[in-house]
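> Could you put the whole structure together from the sequences, leaning on the hints where they help?
Number of protein chains: 2
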Amino acid sequence: MNPNVKRVEYAVRGPIVQRAVQIEKELKEGVKKPFTEVIKANIGDAHAMGQKPITFLRQVLALCSYPELLEDNKFPEDAKKRAQRILDSCGGHSIGAYSASQGIECIRQDVARYIERRDSGIPSSPDNIYLSTGASDAIVTMLKLLVCGEGRSRTGVMISIPQYPLYSAALADLGAVQISYYLDEDKCWSLDVAELRRALNAARQHCNPRVLCIINPGNPTGQVQSRQCIEDVIRFAKEEHLFLMADEVYQDNVYAEGCKFHSFKKVLFEMGPEYSSTVEMASFHSTSKCYMGECGFRGGYMEVINMDPEVKAQLTKLVSVRLCPPVPGQALLDLVVNPPQPDEPSYTTFIKERTAVLAALAEKARLTEEIFNTVPGITCNPVQGAMYTFPRITLPQKAIDKAKEEGQVPDMYYCMRLLEEEGICLVPGSGFGQREGTFHFRMTILPPIEKLKVVLQKIREFHLRFTQEFS
Amino acid sequence: MNPNVKRVEYAVRGPIVQRAVQIEKELKEGVKKPFTEVIKANIGDAHAMGQKPITFLRQVLALCSYPELLEDNKFPEDAKKRAQRILDSCGGHSIGAYSASQGIECIRQDVARYIERRDSGIPSSPDNIYLSTGASDAIVTMLKLLVCGEGRSRTGVMISIPQYPLYSAALADLGAVQISYYLDEDKCWSLDVAELRRALNAARQHCNPRVLCIINPGNPTGQVQSRQCIEDVIRFAKEEHLFLMADEVYQDNVYAEGCKFHSFKKVLFEMGPEYSSTVEMASFHSTSKCYMGECGFRGGYMEVINMDPEVKAQLTKLVSVRLCPPVPGQALLDLVVNPPQPDEPSYTTFIKERTAVLAALAEKARLTEEIFNTVPGITCNPVQGAMYTFPRITLPQKAIDKAKEEGQVPDMYYCMRLLEEEGICLVPGSGFGQREGTFHFRMTILPPIEKLKVVLQKIREFHLRFTQEFS
Ligand SMILES: Cc1ncc(COP(=O)(O)O)c(C=O)c1O
Ligand SMILES: Cc1ncc(COP(=O)(O)O)c(C=O)c1O
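The listed protein sequences derive, respectively, from chains X and D.
Each residue of the first sequence is one higher than the one before, counting from 1 in the UniProt record's numbering.
Each residue of the second sequence is one higher than the one before, counting from 1 in the UniProt record's numbering.
Hints in this document: simulated from the structure, not taken from any laboratory.
The structure presented is a predicted model; accordingly, all values stated were derived computationally and were not measured.
Cβ coordinates follow ideal geometry from the N, Cα and C atoms, glycine included.
Take these hints with a grain of salt, some might be off.
[Unchecked claim] Simulated crosslink set (BS3-like; lysine-lysine; CA at most 25 Å straight-line):
1. D/Lys312 / X/Lys6
2. X/Lys74 / D/Lys81
3. D/Lys74 / D/Lys52
4. D/Lys312 / X/Lys144
5. D/Lys74 / X/Lys74
6. D/Lys352 / X/Lys74
7. D/Lys52 / D/Lys80
8. X/Lys238 / X/Lys144
9. D/Lys80 / D/Lys352
10. X/Lys81 / D/Lys28
11. D/Lys144 / X/Lys6
12. D/Lys238 / D/Lys266
13. X/Lys33 / X/Lys458
14. X/Lys52 / D/Lys81
15. X/Lys80 / D/Lys312
[Said to hold, decoys possible] Footprint (simulated), chain D over chain X, 3 or more residues, beta carbon under 8 Å:
16. 168-180
17. 200-208
18. 292-299
19. 321-330
[Said to hold, decoys possible] Interface residues of chain X toward chain D, partial, derived using beta-carbon atoms under 7 Å:
20. Asp45
21. Pro53
22. Ser65
23. Ile95
24. Gly96
25. Arg435
Written as structure tokens, this is what we have:
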């Protein structure tokens with residue numbers, strides 16, 4: 001067996017989630033528990049938490065799936081037009097045909113135009129767009145492309161701690177060197193270039209650092225980076241000849257007053273040609289997050305910038321081996337980057353639905369921070385964006401000892417107890433990485449507001465009880 | 001850059017296909033050519049070649065995409081029932097939710113029941129089923145799991161020559177050792193255990209052979225293996241402690257009189273417990289082929305048999321990193337393994353459509369063999385199954401010399417000329433591997449019958465002209 005596979009860890013779907021699934025089965029079989037349902041706040045899966053799909057997206061997908069419906073006057077004209085355009089760009093006018101490996105050309109054009117609008121007109125070329133099977137696929141592919149060397153010249157990849165564990169898992173799988181840089185919890189999980197430099201210099205002793213990964217807005221930490229910070233990071237990447245991987249899947253998920261999403265690409269280009277024509281970069285987006293939450297379709301794209309044409313040719317070849325990303329996911333992405341316009345019949349409903357989703361998320365972000373910060377022993381940064389909170393928990397020494405006795409890391413012990421006693425499934429902070437001696441958990445803010453209140457209340461009660469038990 | 005990525009080659013989407021896409025653009029722009037359209041017979045993409053989707057499948061997918069249609073009395077009851085069942089097994093009743101990484105449980109149950117029916121009752125467990133993003137994904141994942149070691153202890157993987165280039169590409173990417181065994185063209189591309197043994201013994205000098213891959217029915221060669229041959233292969237795998245990977249994506253595509261699909265699993269179990277409880281195996285299936293031809297949905301599954309529970313746990317962890325296969329593809333797979341039953345309203349149409357597709361393929365298989373074998377310098381084995389023919393072409397020495405002058409392998413030169421002169425896109429045999437000094441091309445039998453006749457006729461004329469030119 002591949003030893004790198006053994007080293008892979010992926011906490012978001014780890015032992016605690018497996019136990020949650022088991023408990024759900026036990027509940028179904030009538031086993032008595034102190035709760036009647038398991039609430040899974042472990043994963044950023046909006047629909048699973050009750051968020052309704054956006055009508056327009058699903059109408060077009062139904063039309064693409066079963067084009068006979070194009071004759072049906074129940075569907076709005078703009079939905080039909082979009083569906084027809086997608087079908088016309090598919091082999092044999094069917095979403096059942098393989099597409100080009102890089103993705104359907106007219107969808108890549110739409111993506112490029114979307115990026116241009118987002119970035120105030122900075123040009124984007126469809127040739128630099130690669131559609132993907134969710135952002136996960138694109139991230140793993142890009143890492144695979146960049147990693148090489150052996151021993152001390154093995155590629156080092158800088159990732160934040162805490163991080164989204166796809167990164168550490170992919171690096172383990174590739175046998176690349178993970179270089180951890182720490183986000184500053186005391187400054188709302190911000191990123192500091194001095195810390196990047198510290199991590200880089202330390203890593204130079206034992207590997208060849210070549211790649212810097214950033215998640216903005218942040219998972220699991222929910223921060224939104226300032227424009228200044230992004231500039232600093234880009235300057236650092238240029239100085240140190242690092243390839244920038246900007247994970248921007250939460251680009252629409254910004255809630256906090258005064259926060260704004262700045263794409264790495266836009267900032268890069270605004271810094272002038274010295275930067276915009278030299279820094280190599282890839283940016284990732286997905287249909288899974290934002291207001292759509294369409295995780296199951298596995299849609300996404302990456303844009304590559306300043307990539308050496310030879311490397312790009314290799315990338316194109318590499319993605320061809322798996323033939324193509326799922327076409328329904330590509331179609332969905334097309335609608336996301338090319339939504340109804342003000343003069344189209346679906347516009348009003350679309351905007352209403354999108355606004356409602358984002359407003360509810362903003363409200364839940366606020367509520368989560370507020371309630372957690374009333375609990376002694378829990379401290380929680382503002383959820384500026386994304387879909388998660390990563391509060392710090394103070395655990396009594398006796399609880400830490402008890403966990404060790406049970407052979408578990410302390411926050412895993414805490415989360416397991418919470419699951420068994422309250423039916424709430426969170427992911428321990430250790431699954432994302434945290435400073436030695438600190439403990440956290442990650443919770444999504446996705447449950448419907450009334451359920452979220454219950455969840456927060458239950459965690460509160462559990463935390464007090466747990467703290468008491470071990471005092 | 002990753003040097004393994006550089007070594008990857010994937011002919012099915014290689015330079016000839018890129019040139020075909022270019023020519024299509026030129027045609028659109030009004031550039032004059034000796035033909036008016038490019039016919040792409042390079043890839044097994046049924047819908048792109050005009051095959052119509054199966055109505056039932058698409059109705060259910062439309063219902064799953066836009067559940068408001070469940071209220072619509074235009075849809076048959078069985079389609080609604082299937083859609084409702086799939087939705088009920090999705091988080092939040094939405095195909096937009098992530099599924100379990102191994103795939104939706106009720107669909108894995110349906111797959112297991114399908115396998116049991118196919119294999120005359122030999123038991124199958126949903127725990128051994130992993131849904132995937134097309135068969136490509138499952139094959140790559142399984143290879144990744146199995147490959148390890150360095151230098152002379154590096155894992156060797158046996159693949160047929162000619163092969164489907166996903167295999168050689170994945171092995172290059174993983175840095176595994178490819179062990180080539182040759183199919184016997186003179187015996188209708190059959191597989192001979194003596195040749196397996198020769199290849200294995202030779203490979204033992206420089207690597208650690210651990211895996212044996214078989215494609216049945218064969219791509220690119222179109223053969224269907226006899227039950228006897230499969231037994232021999234299984235016996236060989238047991239003796240040599242090889243993990244068997246059975247690529248059975250064409251299991252419904254069997255046309256020739258006297259040929260029948262035998263699943264490796266069924267034969268394994270019929271050989272008795274000595275085999276059925278020891279030989280480790282994985283079998284792959286896909287929604288892309290058979291009568292469905294739904295390539296764009298990227299649906300598929302693998303069944304693992306006798307896999308060490310620890311390795312299986314690693315596999316489960318590994319697939320969790322990319323979260324889940326596309327849910328629309330999973331839904332589609334569910335319909336394939338659980339199609340309309342005789343007492344259901346969609347049955348008649350479903351059977352009619354399925355039969356028509358398979359009958360047309362059988363007719364095209366026959367026709368292809370027949371016409372090619374009338375051309376002096378082309379010899380073609382019967383297309384017993386799958387969707388391809390891999391005829392051998394005799395090239396004049398002067399043509400071979402000319403190709404070398406142009407820096408091309410001779411069959412690439414041949415296929416490029418065919419593309420430029422007739423607008424027909426085939427894949428040169430060198431992309432799949434062939435015995436030194438022999439030349440082939442692969443052509444799909446998918447074009448509609450009238451178009452296929454034209455294609456065959458054009459290839460005939462081209463071949464005669466080409467041969468003449470270089471005589
Ligand atoms: C930061 C980040 N990147 C990438 C992904 C992958 O998402 P997907 O593969 O569904 O697009 C996620 C999913 O949660 C994420 O949080
Ligand atoms: C033998 C064989 N295996 C696997 C595949 C992969 O198919 P998919 O990934 O579309 O399921 C193909 C596609 O042509 C094939 O011919």
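> Does the structure keep X/Lys81 and D/Lys28 at a Cα separation of 25 Å or less?
Given that 25 Å is the threshold and the Cα spacing comes to 22 Å, the pair holds.
> Is the straight-line distance between the alpha-carbon of D/Lys74 and that of D/Lys52 25 Å or less?
20 Å, holds
> Go check the stretch 321-330 of chain X versus chain D for me, would you? Three or more residues, Cβ under 8 Å, otherwise it fails.
It holds: at least three residues are needed, and the stretch 321-330 of chain X offers 9 whose Cβ sits within less than 8 Å of chain D.
> Has the given pair, D/Lys238 with D/Lys266, been kept, meaning a C-alpha gap of at most 25 Å?
Holds - the C-alpha atoms of D/Lys266 and D/Lys238 are around 16 Å apart, at most 25 Å.
> If you draw a straight line from the CA of X/Lys74 to the CA of D/Lys81, is it 25 Å or shorter?
Holds - the C-alpha atoms of D/Lys81 and X/Lys74 are around 22 Å apart, at most 25 Å.
> Taking 8 Å as the C-beta cutoff, is the stated coverage of the stretch 200-208 of chain X by chain D satisfied by three or more residues?
It is violated: at least three residues are needed, and the stretch 200-208 of chain X offers just 0 whose Cβ sits closer than 8 Å to chain D.
> For the pair supplied as a hint, X/Lys80 and D/Lys312, is the alpha-carbon distance within the 25 Å limit?
Violated - the C-alpha atoms of D/Lys312 and X/Lys80 are around 45 Å apart, more than 25 Å.
> Keeping to a limit of 25 Å between CA atoms, is the pair of D/Lys312 and X/Lys6 held or broken?
11 Å, holds
> Are the Cα positions of D/Lys52 and D/Lys80 separated by 25 Å at most?
21 Å, holds
> Does the CB of X/Ser65 sit less than 7 Å away from some CB of chain D?
4 Å, holds
> Check whether the Cα positions of X/Lys33 and X/Lys458 lie no farther apart than 25 Å.
15 Å, holds
> Taking 25 Å as the top limit, are the C-alpha atoms of D/Lys312 and X/Lys144 close enough?
Given that 25 Å is the threshold and the Cα spacing comes to 24 Å, the pair holds.
Comparing the model with each numbered hint stated earlier shows that hints 6, 15, 17 and 25 do not hold.
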